[in-house]
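Using the sequences and the hints, build the whole thing.
Chain residues, written in single-letter form:
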Amino acid sequence: MSPVVRPFPRQPRAAGPLVWACILGTTCLLLFLFQKILWLVVPFILALIIYYALLPAVLRLVLAGYSVTAGASLVCFGAFLLLGGALGLAAPWIAAHAVSWNEWGGRYLAGGVGFVLGSLSSLENSFEFLAQAHLTDSVRKGISDFSANFVSRNLAGAVMLAAAWLPSLLLAPFLAFFFLRDGRRFKKFIIHAVPNAFLERTLYLLDEVDRTARMYFTGLLKLTLLDTLTLALGLWALGISAPFLLGLVTAVLAWVPYVGSILGCAVVVLVAATDFPGNPGMAYGAIGLFILVRLLDDFFFMPMTVGRSLHLHPLLTVIMIFVGGAVAGISGLMLVLPLLGVVMVLGETVGQVVNDPRLQARHAHARRLRHAAVTGDLL
Amino acid sequence: MFRFATKESPRLKRLRSISLFQDLSVRELVIVDLLLHERRYLAGEVVFDAGEDGQGIYFTLDGRIGIFHPGHSNTPLAELGGGSFFGELALLDDSPRMAQARALDDSTLAVMFRGEFVGLLQTHALIASKISLQLARHLGQRLRSISLPQPQPQEVVA
Numbered sequence: 001m002s003p004v005v006r007p008f009p010r011q012p013r014a015a016g017p018l019v020w021a022c023i024l025g026t027t028c029l030l031l032f033l034f035q036k037i038l039w040l041v042v043p044f045i046l047a048l049i050i051y052y053a054l055l056p057a058v059l060r061l062v063l064a065g066y067s068v069t070a071g072a073s074l075v076c077f078g079a080f081l082l083l084g085g086a087l088g089l090a091a092p093w094i095a096a097h098a099v100s101w102n103e104w105g106g107r108y109l110a111g112g113v114g115f116v117l118g119s120l121s122s123l124e125n126s127f128e129f130l131a132q133a134h135l136t137d138s139v140r141k142g143i144s145d146f147s148a149n150f151v152s153r154n155l156a157g158a159v160m161l162a163a164a165w166l167p168s169l170l171l172a173p174f175l176a177f178f179f180l181r182d183g184r185r186f187k188k189f190i191i192h193a194v195p196n197a198f199l200e201r202t203l204y205l206l207d208e209v210d211r212t213a214r215m216y217f218t219g220l221l222k223l224t225l226l227d228t229l230t231l232a233l234g235l236w237a238l239g240i241s242a243p244f245l246l247g248l249v250t251a252v253l254a255w256v257p258y259v260g261s262i263l264g265c266a267v268v269v270l271v272a273a274t275d276f277p278g279n280p281g282m283a284y285g286a287i288g289l290f291i292l293v294r295l296l297d298d299f300f301f302m303p304m305t306v307g308r309s310l311h312l313h314p315l316l317t318v319i320m321i322f323v324g325g326a327v328a329g330i331s332g333l334m335l336v337l338p339l340l341g342v343v344m345v346l347g348e349t350v351g352q353v354v355n356d357p358r359l360q361a362r363h364a365h366a367r368r369l370r371h372a373a374v375t376g377d378l379l
Numbered sequence: 001m002f003r004f005a006t007k008e009s010p011r012l013k014r015l016r017s018i019s020l021f022q023d024l025s026v027r028e029l030v031i032v033d034l035l036l037h038e039r040r041y042l043a044g045e046v047v048f049d050a051g052e053d054g055q056g057i058y059f060t061l062d063g064r065i066g067i068f069h070p071g072h073s074n075t076p077l078a079e080l081g082g083g084s085f086f087g088e089l090a091l092l093d094d095s096p097r098m099a100q101a102r103a104l105d106d107s108t109l110a111v112m113f114r115g116e117f118v119g120l121l122q123t124h125a126l127i128a129s130k131i132s133l134q135l136a137r138h139l140g141q142r143l144r145s146i147s148l149p150q151p152q153p154q155e156v157v158a
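Residue numbers (UniProt numbering), protein chains in the order written: chain A, 1 to 379; chain B, 1 to 158.
In short, the hints are calculated from the structure, not lab data.
Incorrect hints may appear among the rest.
Unchecked claim - In the DSS-like style, the derived pairs of lysine-lysine whose C-alpha atoms are separated by at most 27 angstroms in a straight line are:
#1 B:Lys130 / B:Lys13
#2 B:Lys13 / A:Lys188
#3 A:Lys188 / B:Lys130
#4 A:Lys187 / B:Lys13
To be verified - Pair ranges (Cβ atoms, derived):
#5 A:Phe322 / B:Arg142: 52 to 58 angstroms
#6 B:Asp94 / A:Ala91: 51 to 57 angstroms
#7 B:Leu92 / A:Arg60: 23 to 29 angstroms
#8 A:Ile287 / B:Asp94: 47 to 53 angstroms
#9 B:Leu139 / A:Leu29: 47 to 53 angstroms
Virtual Cβ for every residue (Gly too), placed ideally from N, Cα, C.
Below you can see the structure in the form of structure tokens.
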């Protein structure tokens with residue numbers, strides 16, 4: 001019997017509210033689970049960044065006639081050799097300047113403390129209740145106690161933290177190498193398991209996941225560049241020394257939401273207070289500039305770069321950042337957008353496949369054909 | 001020692017039998033092979049439907065594939081044998097599939113996804129020029145076959 005061929009509406013439907021509820025719920029659940037295995041998630045993300053950075057070089061070697069294994073090995077070896085060489089060359093210079101850096105650190109720290117105490121002193125002069133509370137003296141004593149016991153109190157914890165994270169961070173280059181070498185093989189392995197009826201949708205899905213991840217990390221680099229330039233421009237306008245370096249350091253620190261931003265702001269204030277010891281207005285200006293850039297970053301730059309790379313609505317991007325923070329803290333803030341991007345693609349595709357009766361019918365037909373083929377001689 | 005062997009494996013020979021890849025060197029064929037997904041279809045199984053978003057180009061390695069016009073006839077518009085390819089139109093102009101493709105015999109197909117096909121053309125200039133030339137020839141032949149009267153309603157591509 002010849003099958004009847006009929007026209008059928010084949011355009012996939014956009015994801016509905018139920019699918020979107022599943023996407024957002026799954027994202028939150030995964031965020032909650034991922035914070036429990038952060039030791040694995042962080043090196044995995046670092047490995048992805050390394051993978052996307054090195055992939056073009058591997059493809060170039062493949063084009064030049066090398067196998068994928070040889071290309072991945074050569075590129076990884078070259079990259080790590082370059083990094084190791086750079087660190088090796090920098091080590092004597094770092095050692096030679098360590099003493100002067102220590103002095104600079106002390107100078108900037110003293111400048112920052114001076115700024116804080118000066119500000120408190122001004123407040124005490126303005127408000128009687130603060131003067132009665134001897135706020136400046138209390139803070140001075142607190143800073144003195146803190147700096148005296150800081151090393152002894154935190155050194156052991158810092159060493160333990162470094163010892164716990166070092167092996168998992170060393171996993172990143174290892175993972176990156178295998179992503180480069182076996183990524184395509186893994187993709188073929190996954191696709192091999194997909195029924196013919198769902199093949200094109202699955203191919204589309206995998207390509208979208210790959211594109212989303214690549215665009216996210218590209219967006220993150222663009223965001224860092226925008227932050228660096230905006231901060232550098234503002235710091236330069238204020239007359240603070242090394243504006244570009246400060247902008248770059250604070251933009252990179254901002255990769256860690258909240259904590260990184262506070263640390264970045266503290267660095268900028270220390271430099272401003274030390275560069276202009278008798279002029280606290282400069283430090284206030286630096287704080288104002290930093291807050292302005294953070295606002296621009298959260299409400300404009302991030303939705304324009306990272307959010308746009310994921311094709312997310314800016315409002316959803318902002319809301320999900322807050323939701324990520326509420327569900328999984330700092331790790332949630334960092335992971336929520338890439339995770340949402342991947343879950344969104346997965347959810348939309350699964351929704352399209354499940355809600356497409358024609359695809360389901362084709363799959364059932366193929367199964368009947370296979371059943372008939374393997375049972376034809378058993379009757 | 002890291003270089004490819006320049007000898008063609010049976011797999012690569014089979015790929016070279018596809019008209020789109022006939023001008024590619026062994027190295028270029030290996031690159032193309034990395035992007036292909038091999039699939040097996042039973043006789044009567046639908047490869048894709050008319051109206052679907054075209055996400056891939058298909059290469060017939062074994063068997064026969066029929067191209068059916070939706071809603072008009074159960075007689076295939078064309079029968080495509082080993083070495084042929086189909087699904088390229090939807091890939092090129094990003095339009096929905098024009099017709100249904102269905103396996104007439106048990107068939108083995110190789111599929112290349114749109115993103116990988118376009119990526120291949122964008123990143124490998126030499127491969128792109130060779131494939132584009134073959135694609136242009138193929139479309140030219142198809143145009144000629146449409147504009148000139150055909151003695152037979154069906155075309156069998158060996």
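Honestly, do Asp94 of chain B and Ala91 of chain A meet the 51 to 57 angstroms range at C-beta?
holds (53 angstroms)
Indicate whether the distance between the beta carbons of Phe322 of chain A and Arg142 of chain B respects the range 52 to 58 angstroms.
At 55 angstroms between Cβs, range holds.
Are Leu139 of chain B and Leu29 of chain A spaced within 47 to 53 angstroms by their CB atoms?
At 49 angstroms between Cβs, range holds.
Holds or violated: 47 to 53 angstroms for the Cβ distance of Ile287 of chain A and Asp94 of chain B?
With a Cβ separation near 50 angstroms, Ile287 of chain A and Asp94 of chain B satisfy 47 to 53 angstroms, so the hint holds.
Using the C-beta atoms of Leu92 of chain B and Arg60 of chain A, is the stated range 23 to 29 angstroms upheld?
Roughly 26 angstroms apart at Cβ, these two residues keep to the hinted range, so it holds.
Can you confirm whether the C-alpha distance between Lys130 of chain B and Lys13 of chain B stays at or below 27 angstroms?
holds (17 angstroms)
Would you mind confirming whether the straight-line C-alpha gap from Lys187 of chain A to Lys13 of chain B stays at or under 27 angstroms?
This hinted pair holds, its Cα atoms lying about 24 angstroms apart.
Is the straight-line distance between the alpha-carbon of Lys13 of chain B and that of Lys188 of chain A 27 angstroms or less?
holds (21 angstroms)
Quickly compare the C-alpha distance for Lys188 of chain A and Lys130 of chain B to 27 angstroms and report which way the hint goes.
holds (25 angstroms)
When each numbered hint is compared with the structure, no violation occurs for any of them.
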